[in-house]
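Visitor: Here are the chains, one letter per residue:
Protein chains: 2
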Amino acid sequence: MSLETSRMVKMANAIRALSMDAVQAANSGHPGMPMGMADVATVLWGEYLKHDPKTPDWADRDRFVLSAGHGSMLIYALLHLSGYDAPTTEDIRNFRQLGSPCAGHPENFLLAGVECTTGPLGQGLAMAVGMAIAERKLNADFGDNLVDHRTWVIAGDGCLMEGINHEAIGLAGHLKLGRMNVLWDDNNITIDGSTDLSTSENIKARYEATGWHVVSCNGHDFDDIRRALDEAVADERPSLIACSTVIGKGSPNKQGTSATHGAPLGDDEIAAARDLLGWDAKPFEIPEQVLADWRGTAENGQNAYRTWLDRLSNDGRRADFERRMAGELPESFSLDDYIGKLIAEPQKVATRKASEMALAQINGQLTETMGGSADLTGSNNTKAGGIGPFTADDYSGRYIYYGIREFGMAAAMNGMALHGGVIPYGGTFLVFTDYCRGAIRLSALQEARVIYVMTHDSIGLGEDGPTHQPIEHVQSLRMIPNLLVMRPADAVETAECWDIALREKDRPTVLALSRQNLPQVRNTPDETGMCAKGAYRLKQASAERRVILIATGSEVHVALECAEQLEQQGIGADVVSMVCTELFDEQDESYKADLLPNVDPGKILRVSIEAGTTFGWERYTMANGLNIGIDRFGASAPAPDLFEKFGITADAIVPQIMNKLNG
Amino acid sequence: MSLETSRMVKMANAIRALSMDAVQAANSGHPGMPMGMADVATVLWGEYLKHDPKTPDWADRDRFVLSAGHGSMLIYALLHLSGYDAPTTEDIRNFRQLGSPCAGHPENFLLAGVECTTGPLGQGLAMAVGMAIAERKLNADFGDNLVDHRTWVIAGDGCLMEGINHEAIGLAGHLKLGRMNVLWDDNNITIDGSTDLSTSENIKARYEATGWHVVSCNGHDFDDIRRALDEAVADERPSLIACSTVIGKGSPNKQGTSATHGAPLGDDEIAAARDLLGWDAKPFEIPEQVLADWRGTAENGQNAYRTWLDRLSNDGRRADFERRMAGELPESFSLDDYIGKLIAEPQKVATRKASEMALAQINGQLTETMGGSADLTGSNNTKAGGIGPFTADDYSGRYIYYGIREFGMAAAMNGMALHGGVIPYGGTFLVFTDYCRGAIRLSALQEARVIYVMTHDSIGLGEDGPTHQPIEHVQSLRMIPNLLVMRPADAVETAECWDIALREKDRPTVLALSRQNLPQVRNTPDETGMCAKGAYRLKQASAERRVILIATGSEVHVALECAEQLEQQGIGADVVSMVCTELFDEQDESYKADLLPNVDPGKILRVSIEAGTTFGWERYTMANGLNIGIDRFGASAPAPDLFEKFGITADAIVPQIMNKLNG
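Protein chains in written order, with full-length UniProt numbering: chain F, 1 to 663; chain Z, 1 to 663.
A few of these clues could be false.
All copies of an identical chain are treated as equivalent in the list; a pair is satisfied when it fits inside any one copy or across any two copies.
Unchecked claim - 27 Å max Cα-Cα, derived DSS-like pairs, lysine-lysine:
no.	residue 1	residue 2
1	K660	K603
2	K353	K645
3	K539	K353
If you are wondering where the hints come from, they were derived from the structure by calculation, not from laboratory data.
Work out the full structure, taking the sequences as your base and the hints as a guide.
Guide: Right, dumping it as structure tokens:
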């Protein structure tokens, strides 16, 4: 049931007023989008969005993504007006100030109702694709009774111009995610000015070419907005709703120009806007009737929630559903038996193959994992354990053929993880983390459990050459806060890393895996779970310890060979497998000091060995340590030739260590 | 004039045979694409491509980009058959082996005729956009007499599925780059299998929606290919030529399947293919008549080159044209006077503003610089010196409104730099290097002079919050080989950095610039050009030196404040401005030892100060140094509040130094 237009106008103007006032108070921010989309948002949130402000974590709520995150005051106003506990008026008064949950861009970890962090353009829409995937998957698993909701997006021209938009809508169109609806703020303005400056594209035709349903409306006419939303809901395809709007609508002298995009309107213009809008409430105050109208919109959602709760109570799958939505693994989940068998029967396999073997166990024990690859399934070895494809015809599948869309895949995985109920993992070559780095960073910032299966992790991939050989990648990923980067040395470490990654509910993991076969270095039954410490002593010096070799992944066996040669010369050498520097840094000081005692480098030389940049390894080898690595681009040749060319062999390394010891 | 079809067939089969044989010999590589596109490539190279194999650096040659770089044997075969000096038969026999110029993917620095390095999908096509931009710009500057060529691209489904494709074709369509023609290898196959697995897009309709002309042909019918190429050449818009092909064409049992994509066919299948194709020459041998036919195709290009050379000889602009194509700056170019004025009249400006001031000088003195921004012109301050926009209506302009297309911009700049005759620079926020990192890496690998103007380089950007605040970015860019990362401290350093970047013909530069105002720290007339050393002593200790403060960019003035406080307590402190670690690392040992003497940290404490990750700074501060930085994500608040919160102030740092000294 719709309210009369005059009351809707006031509800929309409440958004405009809060947005103008907050940006002005902060002297920073973006009033243009919230003011331009206020009418559309009022219809969407007031009449279409299924949500209960008092139960923001309701599993079957509609997901709303403000992909144009710079317009953050729009969602802060909507949450506040609809009756969410936060943000409060005080929070909004403190927009963009230290400690306010009303940050410059919406942050999922600061406010319930903010489904994901947005601001880096295009990624919100691409994450929404992942949310819509998770919804269909859970619907397939648990039925309409428990899962039956929509994903709504507000996106601007920027989101649609970014490359990731092409990948995201290609995936959504192919998978026929009809419950996804994108409201495009079609205002013809970007920061630099008119969109004519930089684009001539027919966006609607492009979406249609990609399998989307497209409908247009006047974004300032409530009835026309309702008609468009009805059409979008009715269509089986994902829908683009082109909302023709005026940016900064309500600002008499600035509306329709880029001047409203990213700067306060100024006190005079705000006063003029208040006149134009007939808005006479004080800054940050909402008239009683307007607030009552807004709060009233929550009623439908609250009723829907209660009905849903009844259904849940009577559903035999309740426990499993709640477990999955809480992100808990089944108590029975364990890789111990599998790891035990590996230790009993060591094998030489590539860690990408070891990952496939671990996944066969994992996908057999868990129902929530959803795998995929950006068109490298046979190389990343991500399809394991008999899982079938997730397709438009069968949403019960657990494997996604993401196509050649690394960034779209990573963002979709963020959306899936944030939606909850599924644990996404996906693969590409490690070097192509460069293509999806923006989304990997958002996994970390958003505290999302996404597992990146990044294979072909060094020059060890061989002939494909420097464009495909990671040099700086492992270290540069280690720099991203809240991201676990793991480079396992063999099948045992690979299984342990998978186990850790799956149990890290609030952190994403990058698994850096080899293309080439590696000998198994962990063969002792009583040493299990060592990877959880991030680093551990794989081999103890048998003579007086003069050297500590610190290696990762495919270089651990090289370190063992170096140690053997050194000990033949009477020089005691420890070998430390540094499988995850981030986890090692979190250990207590005594553990760290035991592994890497802080003594004069003249007494114990520390040597790092990793087939990538040496930059940063000084953290672990100290000033006079030795850092073995590759500080240039790679080359095209068979892998053994490359390891020799770049000096990553015991024969090349040991003389350098001897030099240093004798130097 | 076309050869008769039977001879064309053999020419195409020569490509197929070389591709099968080379991949088989290497036991690694991608035969499917070269075999599938052999007929199209034979028509293109034999009859349309304007080039002279004996003068591969002819400025007015057509540019050919194999965007689907994994099909590298296609271009190696074409170069060899057409009569380029390299690759030789021996080179092709050594395909993918150490030292062969026939690397796994085509590398521009290994072979003349390889215009750019390809392999990371989508980027070849996007670089071609930049080449087509450079061509039009030079045509506008020097006329049809000297510059009048086309840009041809062969792209696969992967190139078209990648997000960057959307950005690249959006730019090309908007700028009406009608001399750009993309031949799409439309074979319905990706690595994972049929394209149906991952996409349902109507690619032709999408290109049309983006302002492109689209034409289709049977990629195995020479006359039909000619018709399509003629139509493409005749149309004023950029053209997509959809070439319907069979992947691995000629392999009787594998053609049309993904089995031919990325693996050798095997000896038996190669023998069967030879039978099917009627190809009885030995491996790597080309029958005399076939080779003669191929060599004959060069004649038109050679004649065109000679005619062009005559025109050049009689052209009054020859000297300037040759200078620009050689990438030399005019001898008169100098920023010395400008820097002298800065030193005489110090000013407090943001380094992004200082960059604009330097650009006003640069764009006034040079004609070859072409600027732009990914829709942040007013924030990156990249439009300076009165340069006008480069548009479809006026290709003489020097400023490109790239739109919200960071990756497309960076790749286009690579193409422009590789084409030659222009020096591209472009801006976005530093944090969005994540969006274009794949192209920044290719700038470095390809040794392309591209200048990235990356502003808002730390928490100093303030309210926009963690999605916009670089933490790991500066350090992670420093890890990319052959990339100069410069973080200037004030207007003088900014000007010096621009000067260095412009003179580095074979290296790209990232300028990391502040949003916030910074005091001028370089005020002494006799200290000029210091940034060329990468690091230099900005302030000498006045008491006994106990501390060396090493800082960059916006933290240099903080280091000076720290030094002042320390010296008030009788502790001598040097301040080193580390504007570019890569350049510092290249200095001789005595310079480095003078700046950072290798003495016991107990005697001289080294302290790094940079408002980003501390990871990696141990390289310069040694084991017991102190690393001041930010090892977590940022927050949304005014910049001064953030510097205080994160402890990047003299008041927060000095006590830590005192602790360390007394510890």
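Visitor: If a hint holds in the structure, say so; if it does not, say that too.
Guide: Consistency of the hints with the structure:
1. K660 with K603: Answer is both; intra-copy 11 Å and inter-copy 23 Å each pass.
2. K353 with K645: within (26 Å within a copy, 46 Å between copies)
3. K539 with K353: within (25 Å within a copy, 56 Å between copies)
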